[in-house]
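Visitor: In the order they appear, the protein sequences are chains S and B.
Heads up: the first sequence at position 207 corresponds to 207 in the working numbering, and the numbers run straight through without jumps.
Heads up: the second sequence at position 244 corresponds to 552 in the working numbering, and the numbers run straight through without jumps.
The set of hints was computed from the structure by calculation and includes no laboratory data.
Hints are supplied without guarantee of correctness; some may be wrong.
Here are some chain S residues pointing at chain B (derived, C-beta under 10 Å) [said to hold, decoys possible]: (1) 24; (2) 57; (3) 181; (4) 183; (5) 206; (6) 212; (7) 214; (8) 219; (9) 221; (10) 222; (11) 246; (12) 250; (13) 283; (14) 290; (15) 295; (16) 299.
For lysine-lysine, the following DSSO-like pairs were computed, each having C-alpha atoms within a straight-line distance of at most 27 Å [said to hold, decoys possible]: (17) B:587 with S:291; (18) S:291 with B:602; (19) S:185 with B:504; (20) B:323 with S:196; (21) S:185 with B:596; (22) B:323 with S:291.
Only a predicted model underlies this, so the values are computations on that prediction, with no experimental measurement involved.
By construction, the Cβ of each residue, glycine as well, lies at the ideal position given by its N, Cα and C atoms.
Protein chains: 2
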Amino acid sequence: MSLLVVGSVAFDSVKTPFGEAEEILGGSATYFSTAASYFTDVNLVAVVGEDFPSQHMNFLKSRGINIAGLERQAGKTFRWKGEYGYQLNEAQTLETHLNVFQDFKPALPPFYREAQGVFLANIDPELQIDVLNQVISPKIIACDTMNFWISGKREALLNTLKHVDILIINDGEARQLALEANLVKAAKIIRSYGPKHLIVKRGEYGALMFNSQSIFAAPAFPLENVFDPTGAGDSFAGGFMGYLLNTMNFSEASMRQAVIFGSVMASFVVEDFSLNRIKALDYEEILKRYKEFKQLTHFEEPVDVFNQ
Amino acid sequence: MSLLVVGSVAFDSVKTPFGEAEEILGGSATYFSTAASYFTDVNLVAVVGEDFPSQHMNFLKSRGINIAGLERQAGKTFRWKGEYGYQLNEAQTLETHLNVFQDFKPALPPFYREAQGVFLANIDPELQIDVLNQVISPKIIACDTMNFWISGKREALLNTLKHVDILIINDGEARQLALEANLVKAAKIIRSYGPKHLIVKRGEYGALMFNSQSIFAAPAFPLENVFDPTGAGDSFAGGFMGYLLNTMNFSEASMRQAVIFGSVMASFVVEDFSLNRIKALDYEEILKRYKEFKQLTHFEEPVDVFNQ
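Here chain S stands alone, though its shape is the one from the complex:
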């Protein structure tokens, strides 16, 4: 089944305590597409400038990603520069240059309009709804957002959320969107805005998924070497949505499996700069880490301790 994603394709310059890299391939749609490509067909919608090399185009194609919707425009590609401290939890953004992204008006290639799944990565909520309106009959829609849109375009964001099944954001964003410090309460408030499911990403602490029936807690994979956290959230979303589109099973059990596949893809991506670690995974590696998540979290029913 085909999964449409709209978001950024970018050049990142990243500094971590373990190294630095200039103008490497990045962007929310790039990470999402690559992670999702292990599970399903991906239709990428984004814009790049004249400086975007064919080598990166070829990489995306090599992953089977449709790039008919990847526009090339006069000007320069979106650039982001950030730095992480030893805690590796949140990047300090040093520079953002929207460049060709500034006036991006996505027009979907006709066959993209048939997509069964849609992921609206973290972009202007007006663009998000504009893209969503071009998809004829999506079966499942997820989106991301950030503090900039929550405070700056709240009404447009709330309008987008009315049409979204699953919102995937971090804990700070959830608290800010709901204006509520307690996450359980915040989840109820956010679900009242439209999304039936809320996934709260908590970096090294994993993710929580809330719906009307239950809460699911998934840990992050404890890694000895976290090299660069950039793209972890988008790779999580890519693994998550990719699995759902593969199975087209949106039951609670299936969505929990999807959260684990998302966590698996995020755990790989942080092991190296850019998409290096997820450029060419094999399925054995992915399944092995899924099983390691199972071992990481498994516990038995208690023995009857209360016969006193």
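Given the structure of chain S, go ahead and fit chain B onto it with the hints provided.
Guide: Chain B only, in chain S's frame:
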């Protein structure tokens, strides 16, 4: 089986965004003993002043806790005053008055020396080893510590750790003790100091248990109303050690169950001030929450998605 604990019995004055309370019953040994009392016999070692009311003594006795080792000395009981912000993660300590705790030299009642399990709560590591040396043949020994001892009495602490099976500390303490930011690496370093098992408490994010074979990740229970986090770590340790002493099974599987019982007790204690919520739990409630932890974390093996 009997479980000896040495630590503080105190009066706490606590302010949270949801209320405040003056001179309520607290202290590491109090929380630990009460949580553990649901699982096993507890022998409490601590000191209080002349101002400690018989009502609190009676409460401890009502939980079946042995207080033969709870000395009463001339002077005032240990007092702690702290405040939490909306994040509820870490208390800001406003006042600490050691009072009778200052010159505490525990001498164990003879029958205490037969204890099968020992928990050395967060006190001077020289006191910890002194108590441990008085126990004849303990089968399992756990301990806690804090930044104050890690920086101020490192050598004494490392000496205590040589004799300890399980160290239970928070993530900041683990990083400080190992001088290593990455928790997986920090766990290896700390286990080289002596403890075969390290449990890292992460507050609202749950706990990680490290040993030579595996890592176990347990979430915290997502609560809609966290009222006062004081005592959560000690109640966790109490549920954890209580279960182990009940079963006397120290296998990996049993220790994982013990982590969940610890998490259950911690999840109850934060729902109210002091020990109010765990004063009189019934076993049904405890088992119900254990099962809720199971639902919170359960996921199935994946369907075979990679037949492409």
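Visitor: Does residue 212 of chain S pass the interface hint, meaning its C-beta sits closer than 10 Å to a C-beta of chain B?
Guide: Hint violated; residue 212 of chain S Cβ to chain B Cβ min 14 Å, cut 10 Å.
Visitor: Just to be careful, I want the Cα atoms of residue 291 of chain S and residue 602 of chain B compared with a cutoff of 27 Å; is the pair within it?
Guide: holds (17 Å)
Visitor: Closer than 10 Å between Cβ atoms is the bar; does residue 57 of chain S clear it against chain B? Give me holds or violated.
Guide: Check failed: Cβ of residue 57 of chain S comes no nearer than 22 Å to chain B, outside 10 Å.
Visitor: So, residue 24 of chain S near chain B? Judge it on the closest CB pair being under 10 Å.
Guide: Hint violated; residue 24 of chain S Cβ to chain B Cβ min 23 Å, cut 10 Å.
Visitor: Verify the interface restraint on residue 214 of chain S: the C-beta must sit less than 10 Å from at least one C-beta of chain B.
Guide: At 6 Å from the nearest chain B Cβ, residue 214 of chain S passes the 10 Å test, so the hint holds.
Visitor: Are the Cα positions of residue 587 of chain B and residue 291 of chain S separated by 27 Å at most?
Guide: Not OK: residue 587 of chain B and residue 291 of chain S at ~40 Å, beyond 27 Å, violated.
Visitor: Is the shortest C-beta separation between residue 283 of chain S and chain B less than 10 Å?
Guide: Given a least distance of 4 Å, the restraint on residue 283 of chain S holds.
Visitor: Regarding the hint that residue 290 of chain S lies at the interface with chain B, is the smallest CB-CB distance below 10 Å?
Guide: Holds, because the Cβ-Cβ distance from residue 290 of chain S to chain B comes to roughly 6 Å (cut-off 10 Å).
Visitor: For the restraint on residue 221 of chain S, tell me whether the closest CB of chain B is nearer than 10 Å.
Guide: holds (9 Å)
Visitor: Does residue 219 of chain S hold up as a contact with chain B if the rule is Cβ-Cβ below 10 Å?
Guide: Check passed: Cβ of residue 219 of chain S comes within 4 Å of chain B, closer than 10 Å.
Visitor: Within 27 Å, alpha carbon to alpha carbon, are residue 185 of chain S and residue 504 of chain B?
Guide: At roughly 39 Å apart (the allowed maximum being 27 Å), residue 504 of chain B and residue 185 of chain S break the hint.
Visitor: Below or equal to 27 Å on CA atoms is what counts here, so check residue 185 of chain S against residue 596 of chain B.
Guide: holds (22 Å)
The earlier numbered hints that this structure contradicts are 1, 2, 6, 12, 17, 19, 20, 22.
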